[in-house]
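Asker: Residue numbers (my numbering), protein chains in the order written: chain A, 1 to 113; chain B, 1 to 116.
It cannot be assumed that every hint is accurate.
Computed spacing ranges between beta-carbons, pair by pair [said to hold, decoys possible]:
(1) B:S10 / A:G95: 32 to 40 Å
(2) A:Q17 / B:S69: 43 to 51 Å
(3) A:N77 / B:E42: 42 to 50 Å
(4) B:P40 / A:P8: 12 to 20 Å
(5) A:N51 / B:I53: 24 to 32 Å
(6) A:S38 / B:S28: 25 to 33 Å
(7) A:H73 / B:K54: 34 to 42 Å
(8) B:G83 / A:I60: 29 to 37 Å
Treat the hints as calculated values from the structure; they're not laboratory data. Keep in mind that this is a model prediction, so the values were computed, not measured. Where a beta carbon is used, it is the ideal one built from N, C-alpha and C, also for glycine.
One-letter residues, chain by chain:
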Amino acid sequence: DSGVTQTPKHLITATGQRVTLRCSPRSGDLSVYWYQQSLDQGLQFLIQYYNGEERAKGNILERFSAQQFPDLHSELNLSSLELGDSALYFCASSGLQGNTEAFFGQGTRLTVV
Amino acid sequence: DQQVKQNSPSLSVQEGRISILNCDYTNSMFDYFLWYKKYPAEGPTFLISISSIKDKNEDGRFTVFLNKSAKHLSLHIVPSQPGDSAVYFCAASGWNYGGSQGNLIFGKGTKLSVKP
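Pulled out of the complex, with its shape left as it was, chain A reads as follows (with noise of 0.2 Å):
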């Protein structure tokens, strides 16, 4: 257990849908990554949060947004769904900034039809 949550661990939505995926941290991290696995592909970094901020931009759509919470949860909204945005999606955690490995969570598995 890496010690990350995220609910739900499966959605199936129809397209055009608004959907939330929503991860909370490792006790005591302040950062907060979330990835995209599409069928073939690596993980696709999408965003970060520090301590409720944004700290950077991956290959994230402009149809997604994300943000994180004082409490230190994040949410990642999907809005307009297509098939294409059917995935894996994994939020990730780490402590402090720079050089250390994240921890990732289990993963919601997004299918849009």
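With chain A's structure known, arrange chain B on it following the hints.
Answerer: Frame of chain A; chain B shown alone:
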């Protein structure tokens, strides 16, 4: 443009032999490298890391080698065990990469199968 590349999608080795997984990177600003292991239906699990000031880091059966001049790193597993069968991801990060610290850039992974 892939900055971290794992050119072998899969690797099959016999139990007890050495597994060597390779990774190449293009961004010279990366200064920290990690390997993660991933089982199906689970999140990636941190395995081992290496800083760019070192060329080798060892942890039990796992050793990571870094060749900065070649921008290449490898993970050696000796001896390989059936339980090592998983997808292995190489990742890189850097203090000054993209103006942030800590976010990891991953390769596409290598699926290792260790046969009894």
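Asker: It remains to establish, for every hint, whether it holds in the given structure.
Answerer: Here is how each hint holds up against the structure:
no.	hint	verdict
1	B:S10 / A:G95: 32 to 40 Å	holds, 34 Å
2	A:Q17 / B:S69: 43 to 51 Å	holds, 50 Å
3	A:N77 / B:E42: 42 to 50 Å	violated, 25 Å
4	B:P40 / A:P8: 12 to 20 Å	holds, 18 Å
5	A:N51 / B:I53: 24 to 32 Å	holds, 28 Å
6	A:S38 / B:S28: 25 to 33 Å	holds, 28 Å
7	A:H73 / B:K54: 34 to 42 Å	holds, 35 Å
8	B:G83 / A:I60: 29 to 37 Å	holds, 35 Å
Checked against the numbered hints given earlier, this structure breaks only hint 3.
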